[in-house]
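Chains A, B, C and D, in that order, give the protein sequences.
This note's numbering puts the first residue of the first sequence at 126, with every later residue one more than the last.
This note's numbering puts the first residue of the second sequence at 126, with every later residue one more than the last.
This note's numbering puts the first residue of the third sequence at 126, with every later residue one more than the last.
This note's numbering puts the first residue of the fourth sequence at 126, with every later residue one more than the last.
A pair holds if it fits inside one copy or across any two, identical chains being indistinguishable in the list.
Simulated crosslink set (DSSO-like; lysine-lysine; CA at most 30 Å straight-line): (1) LYS387 - LYS299; (2) LYS324 - LYS392; (3) LYS450 - LYS497; (4) LYS392 - LYS334; (5) LYS172 - LYS148; (6) LYS387 - LYS324; (7) LYS392 - LYS299; (8) LYS281 - LYS148; (9) LYS325 - LYS387; (10) LYS497 - LYS167; (11) LYS497 - LYS172; (12) LYS497 - LYS281; (13) LYS387 - LYS307; (14) LYS281 - LYS312; (15) LYS307 - LYS392; (16) LYS334 - LYS324; (17) LYS392 - LYS312; (18) LYS232 - LYS392; (19) LYS307 - LYS172; (20) LYS148 - LYS167; (21) LYS312 - LYS324; (22) LYS497 - LYS148.
These are calculated hints, taken from the structure and not from any lab test.
Here is how the chains run, residue by residue.
Number of protein chains: 4
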Amino acid sequence: MLGNTFGRVFRVTTCGESYGIGKGSGLSVIVDGVPPGLNITKEDIQKELDKRRPGQTPLDSPRKETDQCDIFSGLGQEGLTTGAPLGIIVYNVDTQQIHIDQYASYKDLIRPGHAEYTFFTKYGKYADWCGAGRASGRETVGRVAGGAVAKFILEKEGIEVIGYTKEVMGIRSKEMTFDEVKENYRKNDLNCPDLVAAKKMIDRILEIKDEGETAGGIVEIRVRGLPAGLGEPVFDKLNATIAHGLASIGAVKGIEFGAGFKVANMKGSDCNDHPYLDGDRVRFRTNNAGGFLGGMSNGEEIVVRIAVKPTPTLSVDQPSVDMYKMEETILSPITRRDPTICGRIYAVGEAMVAIAIVDSLMMAHGYASVCKIDNPWRQI
Amino acid sequence: MLGNTFGRVFRVTTCGESYGIGKGSGLSVIVDGVPPGLNITKEDIQKELDKRRPGQTPLDSPRKETDQCDIFSGLGQEGLTTGAPLGIIVYNVDTQQIHIDQYASYKDLIRPGHAEYTFFTKYGKYADWCGAGRASGRETVGRVAGGAVAKFILEKEGIEVIGYTKEVMGIRSKEMTFDEVKENYRKNDLNCPDLVAAKKMIDRILEIKDEGETAGGIVEIRVRGLPAGLGEPVFDKLNATIAHGLASIGAVKGIEFGAGFKVANMKGSDCNDHPYLDGDRVRFRTNNAGGFLGGMSNGEEIVVRIAVKPTPTLSVDQPSVDMYKMEETILSPITRRDPTICGRIYAVGEAMVAIAIVDSLMMAHGYASVCKIDNPWRQI
Amino acid sequence: MLGNTFGRVFRVTTCGESYGIGKGSGLSVIVDGVPPGLNITKEDIQKELDKRRPGQTPLDSPRKETDQCDIFSGLGQEGLTTGAPLGIIVYNVDTQQIHIDQYASYKDLIRPGHAEYTFFTKYGKYADWCGAGRASGRETVGRVAGGAVAKFILEKEGIEVIGYTKEVMGIRSKEMTFDEVKENYRKNDLNCPDLVAAKKMIDRILEIKDEGETAGGIVEIRVRGLPAGLGEPVFDKLNATIAHGLASIGAVKGIEFGAGFKVANMKGSDCNDHPYLDGDRVRFRTNNAGGFLGGMSNGEEIVVRIAVKPTPTLSVDQPSVDMYKMEETILSPITRRDPTICGRIYAVGEAMVAIAIVDSLMMAHGYASVCKIDNPWRQI
Amino acid sequence: MLGNTFGRVFRVTTCGESYGIGKGSGLSVIVDGVPPGLNITKEDIQKELDKRRPGQTPLDSPRKETDQCDIFSGLGQEGLTTGAPLGIIVYNVDTQQIHIDQYASYKDLIRPGHAEYTFFTKYGKYADWCGAGRASGRETVGRVAGGAVAKFILEKEGIEVIGYTKEVMGIRSKEMTFDEVKENYRKNDLNCPDLVAAKKMIDRILEIKDEGETAGGIVEIRVRGLPAGLGEPVFDKLNATIAHGLASIGAVKGIEFGAGFKVANMKGSDCNDHPYLDGDRVRFRTNNAGGFLGGMSNGEEIVVRIAVKPTPTLSVDQPSVDMYKMEETILSPITRRDPTICGRIYAVGEAMVAIAIVDSLMMAHGYASVCKIDNPWRQI
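Between the sequences and the hints, there should be enough to build the whole structure, so can you do that?
In structure tokens:
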């Protein structure tokens, strides 16, 4: 019933569902903590939204949402941000009765791997049964729109955030540098920078798709250009807020930083990253830490991976329970589905990481230093 | 740059300004923490928005905003709340170029009593100069829309919140019971329940209006039906969160509870409210406490008053400073203005008090007990 | 059950009661957000605690708490702050059985003006009946200790906070400049800078004391040296967070800024403060605004007053209700009491205002700019 | 500088470091949101603290902290909680000059895998160089003390939280039921319930210890008895707050729920847990979800694993950088160290999970329903 806000100083608050009723129904985000003077446009937001939009490749759901955004507040007459919160909305367009009817046909059933059961226990019959409500993948529209603002701010600070498919069904991308990834990761439908591995992954996904099934994978997110010392000790470590943000994405079942779960088989001297001097800057020879020491950025790349479960919507018969009749039953195959969401979820991961970083920057700096506002009248 | 959220568990986040640019520009609020199963409609919200809408009487600004709202998220197919956040928007309609031009003509000047100067020092030239941005009285649209949801919830709990003009320019309304107020306070343009005093107040305001001037006053807000024990000790006392909410309204220069500043001239035994038994319920013979003991509700009416300054926009010449030229100058008379906002601000006061109370109820109860959701599957 | 934390970025969390059991029982505060490198000592804290300590003059309770503090965490080997939270504790010493027995004798009764009733309804028989628990005036020890840290920080920024008695039982101090106040306000037991008025006030209080009664008053808090532009628009206006902090002090029944409730009888041109240029700095000819425009500091003195109710503990018979027997009864006179708390509560008011200001400074600046930490390794 | 608070409604705020100066120096926690009427004692807290205490087995640091706690606030005369925050302190005892001197000897050096470098960049020379300050493993004393209160509350609700070593240096414990784990996991120094695997793990750790090295591992935490429907959708999913809490523990490099990273190689029908009816209760045939659907508890066991890096303190030469001289150097072997912390860190993991769950319970229920306070006067 709560929990629709993320961030402390730079803060996104989202709302909306795919089949909300009412005039102008849509998904929206209010972004608070935006520095004044930014020339952000709706095209900047749209560019990010387009990354997670479905219906663009054979790998994702044929759902036809265009997800076009409008910025309805926060810009002044000159088109720049004023320091007021940005309001961004994406109106629903693909709300045909035929889809509502399909949702209605199994609204009393638990869809395996979906959130119906927990929503039943929490909200009872009032839970939104149409399009999964706030448990829909489409809830992430607000995150990505908010993340687009965060990425815009980071870009001005020289900080880059990239997400891409690292592994699908056991097929793993090779290790690549940040620049290699950047050059290649948008070259295929899966957003996997290792073009050879990507080909294999896509073939495997299409096979699985033909079985009426879906495929899991791993998405990696990397951040370059972050200064050292970002994040707060103890509970608000930067990696902890990033873990919070990433774990709040529906399909994520694991998060790891740097060497991640491999540390379980490491000795101390294999795991410790050794510092050295690169000119007058401290660097580390390895990055098992994934860019964090004591939970604060150490100036190396942030490297974080998320385990993405196979989409739970399948085109096969599945055991279910009818919550109203309280009897076991079978859920019939559902036709519109994503064979994998790895090729889209990276945009959500980028968004959550970017929001957490901007929030930490603002917490450390205050708003005025971030984006270096030119203000002759400023007293503090 | 921040501060656009109020509440901890029941939480409103607002955005928007009167002259925001972009398609579908407007003022919006996301209300988080709404219990599922409520049959709230946009008419319920509109009813409250209409209370604060300008241009309805000779006592307020001739500005022609219709302030019609839409609920764009949070309602399920049956038209009931689902537990998801409500998104409410009021589109801007009165954004004619003539008014933008007027604002542009004095955009470099400090308007006495207004927030230009502090916005200059904080945001520099990026501060929204058109229609005062987030410092506009119109910012309260989001508060009132959020407050309408809170009042809807309180009504279901049998709790009533009423606000009305208590005093204008030294003319004070007589003491009246809750029922007397309720019967009479909507009978005149000033929303003052003492019809005799109201007549005098209105006459005085119209006189002042003719001088190109504006009038200050006091608004009282009362709450009936609150159980005892609401609020949290120490920093989150219910009266402290109410004071926070009310002091955050632009025109408010003072807040007092019960006897308020009169306690400064009271002895202990005059000030202490004495408990007695009314059947099996503890009541108090007087209400100098204004409904609070130790910052928690004591079961008596909550009585709080706010001092409302005269609207700073005047139709007389006023000394000013041009911030770009850094020279002293004169601000010419401005035509569209509210002779007083007492007749409208009570709606904002009601909203803030209602939000603070629902937030405290939810903090004490959890969402499920408030509004008594019928849910056979509920486990917690 | 909650609400023991105040502040967002600079944050005090308090605990403790006068008669807590357990080894080392006391009142404590954790102050989070302290910049590194401060040479704050326990003497700096003690100086503030001494201001609110009882038993020092005939005007306050004869209670013999020495309220000596220790800093038990947050200082490094060199005795400077490290950026870690400060932990401060004041051990209980005046916990004699005779006082516990006295509290036990009326523990089932509602003491008029006290918080027993609301604590009964909230916590039932588990409410702390001994020394009023968290509803005791002694709860403010943690606030003042936290405020001492805030004042230490403000002093380094050239910002001064002073509180003093403005009015008692209708006797009002004359208007005085900041410097005049500073020179005189510690010269009498009431901390009233108008020495002539103070004499009358004290005489009146002593009369009232002899009747077994207590006296109300008004305390004023002023802040000098604040830059313009501090605070956040909308809900987190600086005056709103100050109002929150002050209204959370047990005895406070009203808060007003600048002209305060007098605005109710003002016309716009009397109320508006007119800007002018003082060299290259914008100043205002009057200060009806009390230092705030749009809720942000305008560079003039902050002036805020609080209405302080007469202490509810009296040496006269008072009607009461026995909550266990649910019958009306009489509460006998209580001997240890404060004839007024005006002479002590100013220290709590100073603390709350100082905390709110430091919190806003940190929100705007980030920690590193406040107190200008010298750090050659700093990257952000 | 911040970040010393975890939780929204049930909230722990910690402070303290191992070598803080000042009288009564120690580590402390304030636990806010504690229901009244609990008969929690310092022995209940101590029992949990003893789990993470060093110097008890050959597997951990020979450091001789007894870590004895006192409850210094929050208990009433009857020894029960009153609804006020609990204050708990552990005084420092093992603060001998010899250890301070050792820390001083390498205070300018970056210790590989430790937080010196990021603290340097954040706090400069003011960073606490003695015993690692807030980046010390000993910071977790406050977490475990706070977690002990949470576990006490959960026990009253019939909810059990257990943590134990799952894997060390590639040696993995077999799959075991909750009851099997409970019966066996305290039978060895490593708190590994698979006694055969434990033997191998311990042998391997002792070998590694002899090399001057340390060993990584995986710790699993499981929760039984949780009702379905706990947690909030979107950003405050229960698994997200748990991930936040666990990722904030210094040594944790990964978090996974249920099948975790294995989902990357799963097809939808292998990953989806199928619902069935067990009497009138919905259960799931598998638990790949680890107890979460849509981020809310689904009534099955919560299963979460954390990757624990090998302790960075080693008894071998390591490359380092002197931050003051800005030159590369060698860090000499350090003698007091933990060969592994898997056998102790489970207690911190249990604490963080327990706190997150109690916080979610309180958010859903309000304080009064949790622990079912008997209160005849209660009105809300």
